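Produce the complete structure using the sequences and hints provided.
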Amino acid sequence: MITYLGRRAFHSILSVIGLLTLVFFLTRLTGDPSALYLPLDSTAEARAAFARLNGLDQPIHWQFVEYLRDLLQLDFGESLRQNRSAMQVALEAFPETLKLAVVAITLSTALAILVGSLAAARPGSMFDRVASLVSLAGASAPDFWVAIVGILVFAVGLGVLPTSGTGSWAHWIMPTFVLMLRPFGLLVQVVRGTMLSALASPYIKTARAKGLPRQKIIFGHALRNSLLPVVTVAGDLATSLVNGAVVVESIFGWPGIGKLMIDSIIQRDFAVVQSTILVTATAIFILNIAIDLLYAVLDPRIRY
Amino acid sequence: MSNATILKVEGLTVDFLSDDEPLRAVNDVSFHVSRGETLVILGESGSGKSVSTSTVMDLIDCPPGDIVAGSCYFDGVELSGLGAEARRAINGRRIAMIFQDPLAYLNPVYTVGRQIEEVYESHGEGTGKNARAKTIELLRRVGIPEPENRVEFYPHQFSGGQRQRVMIAMAIALKPDILIADEPTTALDVSVQAQILDLLRDLQRETGMALIMITHDLEVAASMADRIIVMNGGKVVETGIAKAVFSNPQHAYTRRLIAALPHGNAAEAPNRRSTAIAGETLLKVEHLTKHYELASGAFGSKRTFKAVDDISFEVRRGETLGIVGESGSGKSSVARMLLGLNAPSAGKAVFAGENIFDMNEKRLMAFRRKVQMVFQDPYGSMNPRMRVYSIISEPWVIHRDILPKNRWKARVAELLELVGLLPEHAERYPHQFSGGQRQRIAIARALASEPELIVCDEAVSALDVSIQAQVIDLLADLRTRLGLSYIFITHDLPIVRHFADRIMVMKDGRIVEEGQTAALFGAPRHDYTQSLLQAVPKPKWLTQAQ
Chain A
1 MITYLGRRAF
11 HSILSVIGLL
21 TLVFFLTRLT
31 GDPSALYLPL
41 DSTAEARAAF
51 ARLNGLDQPI
61 HWQFVEYLRD
71 LLQLDFGESL
81 RQNRSAMQVA
91 LEAFPETLKL
101 AVVAITLSTA
111 LAILVGSLAA
121 ARPGSMFDRV
131 ASLVSLAGAS
141 APDFWVAIVG
151 ILVFAVGLGV
161 LPTSGTGSWA
171 HWIMPTFVLM
181 LRPFGLLVQV
191 VRGTMLSALA
201 SPYIKTARAK
211 GLPRQKIIFG
221 HALRNSLLPV
231 VTVAGDLATS
241 LVNGAVVVES
251 IFGWPGIGKL
261 MIDSIIQRDF
271 AVVQSTILVT
281 ATAIFILNIA
291 IDLLYAVLDP
301 RIRY
Chain B
1 MSNATILKVE
11 GLTVDFLSDD
21 EPLRAVNDVS
31 FHVSRGETLV
41 ILGESGSGKS
51 VSTSTVMDLI
61 DCPPGDIVAG
71 SCYFDGVELS
81 GLGAEARRAI
91 NGRRIAMIFQ
101 DPLAYLNPVY
111 TVGRQIEEVY
121 ESHGEGTGKN
131 ARAKTIELLR
141 RVGIPEPENR
151 VEFYPHQFSG
161 GQRQRVMIAM
171 AIALKPDILI
181 ADEPTTALDV
191 SVQAQILDLL
201 RDLQRETGMA
211 LIMITHDLEV
221 AASMADRIIV
231 MNGGKVVETG
241 IAKAVFSNPQ
251 HAYTRRLIAA
261 LPHGNAAEAP
271 NRRSTAIAGE
281 TLLKVEHLTK
291 HYELASGAFG
301 SKRTFKAVDD
311 ISFEVRRGET
321 LGIVGESGSG
331 KSSVARMLLG
341 LNAPSAGKAV
351 FAGENIFDMN
361 EKRLMAFRRK
371 VQMVFQDPYG
381 SMNPRMRVYS
391 IISEPWVIHR
401 DILPKNRWKA
411 RVAELLELVG
421 LLPEHAERYP
431 HQFSGGQRQR
441 IAIARALASE
451 PELIVCDEAV
461 SALDVSIQAQ
471 VIDLLADLRT
481 RLGLSYIFIT
491 HDLPIVRHFA
501 DRIMVMKDGR
511 IVEEGQTAAL
521 FGAPRHDYTQ
531 SLLQAVPKPK
541 WLTQAQ
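One line per chain: the protein sequences are A and B, in this order.
Quick note on this note's numbering: the first sequence kicks off at 1 and runs consecutively.
Quick note on this note's numbering: the second sequence kicks off at 1 and runs consecutively.
Keep in mind that the hints were calculated from the coordinates and are not lab data.
Treat the hints loosely; a few may be bogus.
What the hints assert, rightly or not - Computed list of lysine-lysine pairs in DSS-like fashion (alpha-carbon distance at most 27 Å, straight line):
#: 1; chain 1: B; residue 1: 306; chain 2: B; residue 2: 507
#: 2; chain 1: B; residue 1: 306; chain 2: B; residue 2: 348
#: 3; chain 1: B; residue 1: 8; chain 2: B; residue 2: 243
#: 4; chain 1: B; residue 1: 134; chain 2: A; residue 2: 205
#: 5; chain 1: A; residue 1: 216; chain 2: B; residue 2: 129
#: 6; chain 1: B; residue 1: 405; chain 2: B; residue 2: 370
#: 7; chain 1: A; residue 1: 205; chain 2: B; residue 2: 175
#: 8; chain 1: B; residue 1: 284; chain 2: B; residue 2: 306
#: 9; chain 1: B; residue 1: 284; chain 2: B; residue 2: 348
#: 10; chain 1: B; residue 1: 540; chain 2: B; residue 2: 243
#: 11; chain 1: B; residue 1: 348; chain 2: B; residue 2: 362
#: 12; chain 1: B; residue 1: 284; chain 2: B; residue 2: 235
#: 13; chain 1: B; residue 1: 284; chain 2: B; residue 2: 370
#: 14; chain 1: B; residue 1: 175; chain 2: B; residue 2: 134
#: 15; chain 1: B; residue 1: 370; chain 2: B; residue 2: 348
#: 16; chain 1: A; residue 1: 205; chain 2: B; residue 2: 235
#: 17; chain 1: B; residue 1: 8; chain 2: A; residue 2: 205
#: 18; chain 1: A; residue 1: 216; chain 2: B; residue 2: 235
#: 19; chain 1: B; residue 1: 134; chain 2: A; residue 2: 216
#: 20; chain 1: B; residue 1: 129; chain 2: B; residue 2: 175
#: 21; chain 1: B; residue 1: 8; chain 2: B; residue 2: 540
Quick caveat: nothing in here was measured; it's all calculated off a predicted structure.
Take a look at the structure:
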């Protein structure tokens, strides 16, 4: 168990280093930040001074060595845009994303388990057919389109919800709903499929022969055995939400890490881009370990 | 209907709906069972024996099931008229059921304790500590060692026999009036089977419950039954007192079944041993050993598992060597090494003057042509998307020198006829055949490369008794006609009795006894061989007379 965690941590550190290397060089391919941060008519001297100040005059491989050295001292660089620690900027945005992701994934998973189980309990029924249709629509609707239509209808047309930003609980409704659509749609289908095969398993026959009540058979025996694939898919979806829902955060002006990332890329704020990547990569690493541990909790046959 | 009759089934007819015609699984079946009595429902696969009892337990899903006619009276009450709650009060409390494969029929994610306690809780017979205490007592009764600890174990942490004991504990928790046992020992080794059957008999004596036992195994049936009903094709073809049915079967089907019994009366049974005098040595195995390093424990101590431990034997031309052992005895490991599928840890096997384990790729190819294998599950060992023609001709694609392509078609037809099938079967797919026919195709495929030795690994174990006899007859016939040698691996001693010339009994990776078949059966020297022979169930009327 301890060896397993150690091995996982070691592999994750390796892949984070690889990722940071890639991001470091790729962001610098987007161009020179001085073109964005200095007035258009700046002199060559002013540009050179800006570059020197931010270490951009060095050859790129030397910049990389310095970046790694700073990283070891937990110095993540300064934001060009905000003139403060890049890591602080990233860490301020991350909780906003996390809150939204946790609410969206929890709600959609809980709802999907309920709907999927009930659909599987009576396959072919009216409820099953409606559930299949709704989940398919949810899984395939493009989120940016739903988001924009939502703003048009509820904010611009009816005026009952705010268009964007944060503050009141009303600000949560549309971003949460849009983020829930795809996970809900996919999870209903996963839950329904695994529940159908679980309900056909021999141990369900045993439960019926024991005279257990129906809801205990469905939720106690079948669902408990269906949770592994559900956790796999829900974990995968959670990963993509923690990563920052770039499109949804941008449309609703949600000050999360996805919006910060895209803004920083556009602004060539290299240090912030690198810090956001480091934060989300760490979060995803922790999430994956948590999912693996959850497997072992859910299935006694799995041991690390 | 006497007072003691607890269950009475009348005119039961069950269909299964499918795309075309509804399939009639059970056709006008009637039976009854009394308290303290054992009724055996005997039949081969597809005879409808499980469907009839599942209907009694309300375990048939409708649709696709469709109960067309019939009624079940339990303790005077018609079961089909009951509502869900009344039904639930009967299942588990008054009628309980155990199944063939306890690993699949126990929920893998709950401890066995929890699964047994659930029976008490859902029938209002105790919760929490009370239910736990009863569960531990119950596990002790069915012979689970250290029940205080094992109650917290999960199903996969038990052996096959123990899992069936757990299932039995769960079923008898509330002292039911009827226990239905659906092939309860089919997946178990013969010695474990004997223990489970003993346990069922003891429990029946203690509680006076009625036992309905479903089986395809005539020996098990004879050892348990007071009365017996024989089913074939969804119908009851014969019914009566067990001794009468076995000693004087009326229906042609029952007669055929009993004639196929591998060890019935030794004098009457057809002898299928080889008649020719065995020729020169074909295969000589010396000090064959296979060790597995197990993962080191918490304190780094490496352990070795000896799957096969220093065994030597030989097979002569035209001879059949039976290797008999229970699961884990190492018999299949021997087969896998001889075919070059696994490398041995030590030892050698000389085939036609050359050590198999020293061969290079090219020699190995030539060797594999000479030694073929027939597996337990013919369906699993055939590509379902290949036609029989391609399956049989595949060895010729690999070994190009056997046969020119223009003669393949004629040779496939010839081989099919040799194994008792028709030439036109070549155009069909494996799923269009029955289990016995598929095993014939597997034998035809093995014969295609013109082998000298065929290794049969539990080749007839998955087949019904009457089909087993046919396949063994076929193998014996081919041996005489083609001069083949066999290594016939099985867990079932009676099967090899009239087929093998010599028998080797394996246990824990070692040979415990070896000898000519008649001598070994007549006077087994080793304790283990004796216990194996004694574990074969004896008819109830003989044991009661003693």
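Please verify whether residue 284 of chain B and residue 306 of chain B have alpha carbons no more than 27 Å apart. holds (21 Å)
Keeping to a limit of 27 Å between CA atoms, is the pair of residue 348 of chain B and residue 362 of chain B held or broken? holds (19 Å)
27 Å Cα cutoff - pair residue 370 of chain B, residue 348 of chain B: Holds. Residue 370 of chain B to residue 348 of chain B sits at ~18 Å (cutoff 27 Å).
Given hint residue 216 of chain A paired with residue 134 of chain B - CA-CA distance at most 27 Å: holds (22 Å)
Run the distance test for residue 284 of chain B versus residue 348 of chain B: straight-line Cα separation, threshold 27 Å. With a Cα-Cα distance of about 8 Å, the restraint between residue 284 of chain B and residue 348 of chain B holds, given a limit of 27 Å.
Checking one constraint from the list: CA of residue 134 of chain B to CA of residue 205 of chain A, max 27 Å. Satisfied? holds (24 Å)
Hinted pair residue 216 of chain A and residue 129 of chain B, Cα distance within 27 Å: holds (21 Å)
Measure nothing beyond the straight line between the CA atoms of residue 540 of chain B and residue 243 of chain B; if it is 27 Å or shorter, mark the hint as holding. holds (8 Å)
Need the status of pair residue 216 of chain A, residue 235 of chain B: alpha-carbon distance at most 27 Å? With a Cα-Cα distance of about 36 Å, the restraint between residue 216 of chain A and residue 235 of chain B is violated, given a limit of 27 Å.
Going straight from one Cα to the other, do residue 205 of chain A and residue 175 of chain B come out at no more than 27 Å? holds (20 Å)
Quickly compare the C-alpha distance for residue 8 of chain B and residue 243 of chain B to 27 Å and report which way the hint goes. holds (22 Å)
Taking only the CA atoms, is the gap from residue 284 of chain B to residue 370 of chain B under or equal to 27 Å? holds (15 Å)
When held up to the earlier numbered hints, the structure conflicts with 12 and 18 and fits the remainder.
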